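Residue numbers (my numbering), protein chains in the order written: chain A, 1 to 287; chain B, 1 to 321.
Some hints here could point you the wrong way.
[Stated by the list, open to error] Now the in silico label distances, taken between C-beta atoms and shown as ranges: (1) B:156 - A:278: 53 to 63 Å; (2) A:113 - B:158: 38 to 48 Å; (3) B:83 - A:278: 38 to 48 Å; (4) B:206 - A:277: 14 to 24 Å; (5) B:8 - A:90: 44 to 54 Å; (6) B:27 - A:57: 22 to 32 Å; (7) B:301 - A:78: 43 to 53 Å; (8) B:239 - A:132: 33 to 43 Å; (9) B:301 - A:57: 36 to 46 Å; (10) B:191 - A:90: 14 to 24 Å; (11) B:206 - A:185: 32 to 42 Å.
Think of the hints as simulated: they come from the structure by calculation, not from any bench. Because the structure is a prediction, the values reported are computed rather than measured. Virtual Cβ for every residue (Gly too), placed ideally from N, Cα, C.
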Amino acid sequence: METFAQSLVSGVLTGALYAMIGIGLTVVFGVMKIINLAHGEMVMLGMFGAFWGQALWHLDPFVSLVVWTPLMFVVGMLTYRFLLRKIIPGGELNTLLYTAGLSLLIANVALFVWKGDYRTISLSYGMTPVRPFGIAIAVPLAIAFGLAIAITVALWLFLSRTNLGRAIRATSQNPEAATLMGVDVERVAVVTFGLGTALAGAAGVLLAPSLYLYPTVGELLLVKCFVIVVLGGLGSVPGAIAGGILLGVVESLGAVYVSATYKDGIGFVLFLAVLLYRPSGLFGVGK
Amino acid sequence: MKLARRFLPALLGVAALAAIPLVVKNSFFLHVCILVLMWTVLGAAWNVLGGFAGQVSFGHAALFAVGAYTTIILYLKGGLAPWWGIPLGGLAAAVVSLPIGFLCFRLRGPYFSLSTLAVAEIVKLVALNWESVTAGSVGYLITSLPPLSILGASVNWEGKVPFYVAAAILTVIALAATGWLRSSRIGAYLVAIRENEDAAEAVGIDTVRTKALTFALSAFLAGMGGGFYAFYFRYVDPDAVAGIGLSMEMVFIAVVGGLGTVGGPLVGAVFLTAVAELVRERFQAGHLIFYGLFMMLVIRYMPEGIWGRVRKIIDGKKGGS
């Protein structure tokens, strides 16, 4: 029972971070109907940002969030403006292949510059876990969870309360109608891509103290991210949150009760099952 | 006359392929030629599905892996020579492709692509963990190849020529198959599916069956490519034959060479191998940077690929459409 509670809790904590990555991909898909295969690399850049912030300037990874999130927002806007904008009218397959090339490019430039070594971030407060109700929780993971919740809530407020947020949701539901209502769809697209990239980068910063860092980590994260958004329905933010937490819990429980070696496989089987039987997501919100 | 014009380039190509080992004695250059031919087969395999039918697969490494493991296991455990093992590897990959197709073809467009990615990851995990069959991460190594004599002369496995001949035969099979496909009824169905799947279905094309057949052909070629890899490099492990990088390289070849063309994969393979060999000496994994960069440039400025662009220019000069 204790093992069960333990793995359930750590699954939920990791799942919230997965969810953040998933939200980034899903808002971009919602507005532009593209799947960004370079999304995992954006997470990787956030992770390395946190690492170098600490290594070079002794910046606490969680504090460095205020530097990397806006920076990744700008990176995202520039990527859209100068790389993707001309490609998207060419069709979804061209965009898919183009972002595959972008992903390959970023990951391997990172591999060239930073080498393939596994790195870790060690924090002075990360050594001893806290133990509420006898369940051990790593401090960095708990902080990351709290920040992820805060960011997600802030995003939710932005999307539901501000004019720009409403414009994003309107474009996501029906681009033609949004244009007719006076929404500048092009501006919405730039901001959304920036937002998606910033979320990926921020999630990377938050994950960095809890994972191994290496330049090609984006590949694995991207695949997890697909599982999440497909579970929740592509384009749906609440779906991505639920999908992220579900994947975190399934992986965590699967590692304990099924097989540690097939841990990642459980997620994929779940993914295929959902794609086949509920392609609109477990909750039927996506389309 | 029309027939001659159609088969002339093919005959010239076969003659050129046959001439290379007679002219070239440098074993490094021959090695590069073998790589080009192997990549041509793999690019053509991917192109059958991705280029003609418009079904972008990110999981072709899974089929390559099935072919490679089948060939090497049949040889090491069953004593079956690789020249029987390679076609059997292709057959095994084609059989494996049926359930994969049955599952993934229910999905369309990007969803299909995502599902193939998941299938490839599952195959890699199985290859890593099903140790009694695949030897896990240790992999299999061929120490010596069986003796073979052709026309009374025994084949020297230390030289490159026998491998070159095998690769050339596979390339001819792959290109002939794509050439046949392009001009066949199924080829026309595939173009219809690529352009508008609903319309294709509405005019009575059994889209699922057509796509499944095409996938099986694509898998057969990819599996034979995998079998050849095991035969030539004599080593198979999950990272070498089932990685996502391999799937991406097949995509790269077909995209850069020209989606939905017969000659494209050959052009793409020459390009890919040239980049890899030029860069490999300088820094590790550097060639992948250039693969990514070229893929972006081609999609942006030349979405029909190098061969597609050349064809356009030639056809334009003839005064055709």
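(request) Hint says 14 to 24 Å; check whether the CB-CB distance for residue 206 of chain B and residue 277 of chain A agrees. (result) holds (23 Å)
(request) Please test the hint of 38 to 48 Å on the beta carbon pair from residue 83 of chain B and residue 278 of chain A. (result) holds (46 Å)
(message) Given a hint of 22 to 32 Å, does the C-beta separation of residue 27 of chain B and residue 57 of chain A actually sit inside it?
(response) Since residue 27 of chain B and residue 57 of chain A have Cβ atoms about 53 Å apart, the given range 22 to 32 Å is violated.
(request) Confirm or reject the claim that residue 206 of chain B and residue 185 of chain A have a C-beta distance inside 32 to 42 Å. (result) Given a distance of about 39 Å, which is inside 32 to 42 Å, the answer is holds.
(request) Take the C-beta atom of residue 239 of chain B and the C-beta atom of residue 132 of chain A, compute their distance, and say whether it sits inside 33 to 43 Å. (result) 41 Å Cβ-Cβ, so the 33 to 43 Å window holds.
(request) Could you say whether the range 14 to 24 Å given as a hint is met by the Cβ separation of residue 191 of chain B and residue 90 of chain A? (result) Between residue 191 of chain B and residue 90 of chain A, where Cβ atoms are some 18 Å apart, the hint holds.
(message) Within 38 to 48 Å: is that where the Cβ-Cβ distance between residue 113 of chain A and residue 158 of chain B falls?
(response) Since the Cβ atoms of residue 113 of chain A and residue 158 of chain B sit about 40 Å apart, the hinted range of 38 to 48 Å holds.
(request) Return holds or violated for the Cβ distance of residue 301 of chain B and residue 57 of chain A against the range 36 to 46 Å. (result) Because 40 Å falls inside the window, the suggested range holds.
(message) The hint says 43 to 53 Å between residue 301 of chain B and residue 78 of chain A; measuring C-beta to C-beta, is that right?
(response) Between residue 301 of chain B and residue 78 of chain A, where Cβ atoms are some 20 Å apart, the hint is violated.
(request) Can you let me know if the beta-carbon spacing of residue 156 of chain B and residue 278 of chain A is within 53 to 63 Å? (result) holds (58 Å)
(message) A range of 44 to 54 Å was offered for this pair. Does it hold for the Cβ distance of residue 8 of chain B and residue 90 of chain A?
(response) violated (34 Å)
Consistency with the previously given hints fails for numbers 5, 6 and 7, ordered from lowest to highest.
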